[in-house]
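We have chain A already, so just place chain B on it with the hints.
First to last, the sequence lines map onto chains A and B. Numbering of the first sequence is given in this note's numbering, commencing with residue 11 and proceeding in unit increments. Numbering of the second sequence is given in this note's numbering, commencing with residue 245 and proceeding in unit increments.
There's no promise every hint is true.
What the hints assert, rightly or not - Here are the in silico distance ranges between beta carbons for each label pair:
{"no.": "1", "chain 1": "A", "residue 1": "R455", "chain 2": "B", "residue 2": "K319", "range": "52 to 60 Å"}
{"no.": "2", "chain 1": "A", "residue 1": "N233", "chain 2": "B", "residue 2": "R263", "range": "32 to 40 Å"}
{"no.": "3", "chain 1": "A", "residue 1": "V484", "chain 2": "B", "residue 2": "E533", "range": "42 to 50 Å"}
{"no.": "4", "chain 1": "B", "residue 1": "E387", "chain 2": "A", "residue 2": "E60", "range": "58 to 66 Å"}
{"no.": "5", "chain 1": "A", "residue 1": "K83", "chain 2": "B", "residue 2": "E533", "range": "36 to 44 Å"}
{"no.": "6", "chain 1": "A", "residue 1": "W61", "chain 2": "B", "residue 2": "R263", "range": "30 to 38 Å"}
{"no.": "7", "chain 1": "A", "residue 1": "K399", "chain 2": "B", "residue 2": "R254", "range": "36 to 44 Å"}
Said to hold, decoys possible - Once the Cα atoms are required to be at most 27 Å apart in a straight line, the calculated DSS-like pairs of lysine-lysine come out as:
{"no.": "8", "chain 1": "A", "residue 1": "K282", "chain 2": "A", "residue 2": "K158"}
{"no.": "9", "chain 1": "A", "residue 1": "K401", "chain 2": "B", "residue 2": "K443"}
{"no.": "10", "chain 1": "B", "residue 1": "K443", "chain 2": "A", "residue 2": "K434"}
{"no.": "11", "chain 1": "A", "residue 1": "K399", "chain 2": "B", "residue 2": "K443"}
{"no.": "12", "chain 1": "A", "residue 1": "K434", "chain 2": "A", "residue 2": "K399"}
{"no.": "13", "chain 1": "A", "residue 1": "K246", "chain 2": "A", "residue 2": "K159"}
{"no.": "14", "chain 1": "A", "residue 1": "K282", "chain 2": "A", "residue 2": "K246"}
{"no.": "15", "chain 1": "A", "residue 1": "K364", "chain 2": "A", "residue 2": "K83"}
{"no.": "16", "chain 1": "A", "residue 1": "K364", "chain 2": "A", "residue 2": "K434"}
Calculated from the structure, these hints are not laboratory results. From the three backbone atoms N, C-alpha and C, an ideal C-beta is built for every residue, glycine too.
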Amino acid sequence: MAAVKQTVDQVASLEKYKHGFVSDIEQDFAPKGLNADIVRFISAKKNEPEWMLAWRLDAFERWLAMDEPDWAKVNFPRIDYQDSYYYAAPKEKVGIGSLDEVDPEILEVYKKLGIPLREQEVLAGVVGAPRYAVDAVFDSVSVVTTFKKELAQVGVIFCSMSEAIREHPELVKQYLGTVVPVSDNYFACLNAAVFSDGSFVYVPPGVRCPMELSTYFRINAENSGQFERTLIIADKASYVSYLEGCTAPMRDENQLHAAVVELVTMDDAEIKYSTVQNWYPGDPVTGKGGIYNFVTKRADCRGDRSKVSWTQVETGSSITWKYPSCILRGEGSSGEFYSIAITNGRQQADTGTKMIHLGANTRSRIISKGISAGRSSNTYRGLVSAHPKAKGARNFTQCDSLLIGKHCAAHTVPYIEARNGQAKFEHEATTTRLSEDQLFYAMQRGLSQEEAVQLLVNGFVKEVLQELPMEFAVEAQKLVAISLEGSVG
Amino acid sequence: MSVAAAIRTRDVGELPSRRDEDWRWTDLRGLIRVLPAPSESFAGTLAAGPFDRLAIDHHVLVNGGDARIDVAAGKKTLAALRLVSRGAGAHASRVTINLAAGARLRLLESYESDGASVCQTALTITLAEGAALERIVLAEDHEDAVSVSQAEVRLSPTSDFGQTIVTSGARRQRIETRASHPGGRASARMDGVYLLAGKRHADHTTVVTHDGVDGTTNQLIKGVARDQARGVFQGKIVVSEGADRTDARMGHHALILSDRAEVDAKPELEIYADDVSCAHGNTVGAMDEEALFYARQRGIPEAEARAMLTEAFIGQVIDRIWFEDARRVVRNWAAERLRV
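So that you can see chain A by itself, here it is in the shape it has in the complex:
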């Protein structure tokens, strides 16, 4: 068992987190702590209309009456909600109109992260390379959104949430909070009160969004939380693919990231939502620091034959607690969930999905691959339910866990509720370690142990990687290798 021995030895020498740098940028902060005045402060900072402030204050009232949930298989000290900044924004240079007016320090950050904020940069590569528009969220605010004009030509609205509240209040009012109600859960409620920015997408009927849309989240400020809110509406027979990426500096304190994402699909519409989450995972040995990623993501397939597909690659965060879900309301609508969750060091992840079948002939598919290494813990928790009206509902679930090392843990907690005789649910799960036989086979053919392990791990997660858009798949594959570097042979 040389492989296992080495695994344990090498966990200590983990590859350093590559995005852990801090940028010194002049920032505006709200006073530390949380109270109704902070909520008013955020709302005022964003020049929000009265109705939005009322909505936030109502959420804050409700949040005060709620208890923090504790059912997930994660352990962390109680969060002191008064010891954090709820608003941190780069100091605004007068009248940002174009990219040239954005603080060069910020541009530098994105350059370092490899995120193209200049439209020409996107095109600078190979001719015919796929393009994608970026909304860059820095701490609490969106700093820039690219390709807005080109998208507007086909009627696609892609902007920051604060801009949407000002420019498209009717759409925001109609949809905000209808998928994830204000008091849905503790963290969603907190988000409703203090959310600062996020992306807003509206795709009009019949439009196939001409490029991938993406948001890049960066937490930079110390002691601050990030609370973004994303709302994507795909009107009848439209299609949009949306990517989300995130990183944060290495710090000793834990930072809270409590986002809410709401997706709405009308008849025949489709949204593909992909996440590559790489928040700072905390110190691998002591477990100090890292992001608490407590996120509520939910899609409402309102229209008949509509479709939502969630793909996530979760490699970062000290604690991940999220369940991207689909409410399959429309007849014949379908939901998909593809997930790779990798935990190493002292990370804890409790993630999965909910597929709620309400309409007839709804279909869902769940493929979850969990990999735990080091002293980490990785839990798949999911719900598949069919209501009495969901005749002909179908679900297929597969969740596989891979354990690397003697001190990690993998759990599978699926809930299946079938309330009618014409639903058909299948679920299978396996938990194993890397097969010694397969390792031996690969190494015997001349691969080093590290290469052999990467080959096997890549094979293990292949089904999910295939679902990612091209440019993300490559990044994700690298990320998988880096996250496990040092932990496996």
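Only chain B this time, still in chain A's reference frame:
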């Protein structure tokens, strides 16, 4: 908080409710507004139990009480254990079963109620090294009964534990087995069958905790829910740190044969060791229409074809019973319930 405490104190606040994660699909507090008075002692004569003719030792508890079964080292026996409820009172029973080293026991356990009783049975089962126990449970409760059976099973290295629970449900019924598994080439088989009709409910809950190397667990639970019945399966396999080379498999498969029946399942794995092989499978659905078509096309009337397919479906579990005579009793019992 426990059902036993609720029966003892007559305090409904002690009953588990659906707010308790472990009881989310078997809500007792929401169902029982007032606990019935304690059951009176029973003086009449009892009809024969389902396994009477097979057993050598007979243990009968009517409306509560304690029983103890000891099997000495190297001995072998066949015991019938009847837990009978007469009337509509509340009562609790306690059963202790001890198998010394190398002892062998076939335990034929039955739950029999005839009214709206509320009862709880606590079993403590201990197997010493090399002991073997096959526990066959037949639960024939009344449709108005509330019945909870909770067994704690302690295995020792090289012991064998086999269990098959067969039930037709009750108003609310929970049959729970918690096994502590030391590994050391000990093996556990924990199977179950539920055949539910009307408004009946049955909950199979099992927890197996592997604490040592080289243990195996194998579970197959199958169920059929008709009318407005509700079948529940909660299975959990825990592999503690260091319990390497554990091999654990769990399968739950259910047929829903009406539009208003419900099946809820939670097959859980909680693994803290890496050199393990654990898997679970779960399927819930309607009967295979193609198989039905095939049978009918060969001249078998629909009702009969359905019964035949259902029998074959659950037959897989019954075939795993080691004791042939008991297998026959269970198979006949199931066939009778399927041919209505």
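- Starting from A/K399, check that the Cα of B/K443 is at most 27 Å away, please. holds, 19 Å
- Query: Cβ-Cβ distance between A/N233 and B/R263: within 32 to 40 Å?
  - Reply: 36 Å Cβ-Cβ, so the 32 to 40 Å window holds.
- Task: Please work out if A/K282 and A/K158 have their alpha carbons no farther apart than 27 Å.
- Result: holds, 20 Å
- Item | Given hint A/K434 paired with B/K443 - CA-CA distance at most 27 Å | Holds, at roughly 22 Å.
- Straight-line Cα separation of A/K434 and A/K399 no greater than 27 Å? holds, 13 Å
- Distance restraint between A/K364 and A/K434, which requires alpha-carbon spacing of 27 Å or less: With Cα atoms ~16 Å apart, A/K364 and A/K434 stay inside 27 Å; holds.
- Outcome for the supplied range 36 to 44 Å, where the beta carbon pair is A/K399 and B/R254: holds, 41 Å
- Taken at face value, is the distance from the CA of A/K159 to the CA of A/K246 at most 27 Å? holds, 22 Å
- So the hint says 58 to 66 Å: do the beta-carbon atoms of B/E387 and A/E60 match that? holds, 59 Å
- Query: Is 52 to 60 Å right for how far apart the beta carbons of A/R455 and B/K319 are?
  - Reply: Because 57 Å falls inside the window, the suggested range holds.
- Task: Determine whether the Cβ-Cβ distance between A/V484 and B/E533 falls within the hinted range of 42 to 50 Å.
- Result: Given range 42 to 50 Å: holds, Cβ gap about 44 Å.
- Item | Pair hint A/K364 and A/K83, alpha-carbon separation not exceeding 27 Å | Measuring from Cα to Cα gives roughly 17 Å; hence the hint holds.
When each numbered hint is compared with the structure, no violation occurs for any of them.
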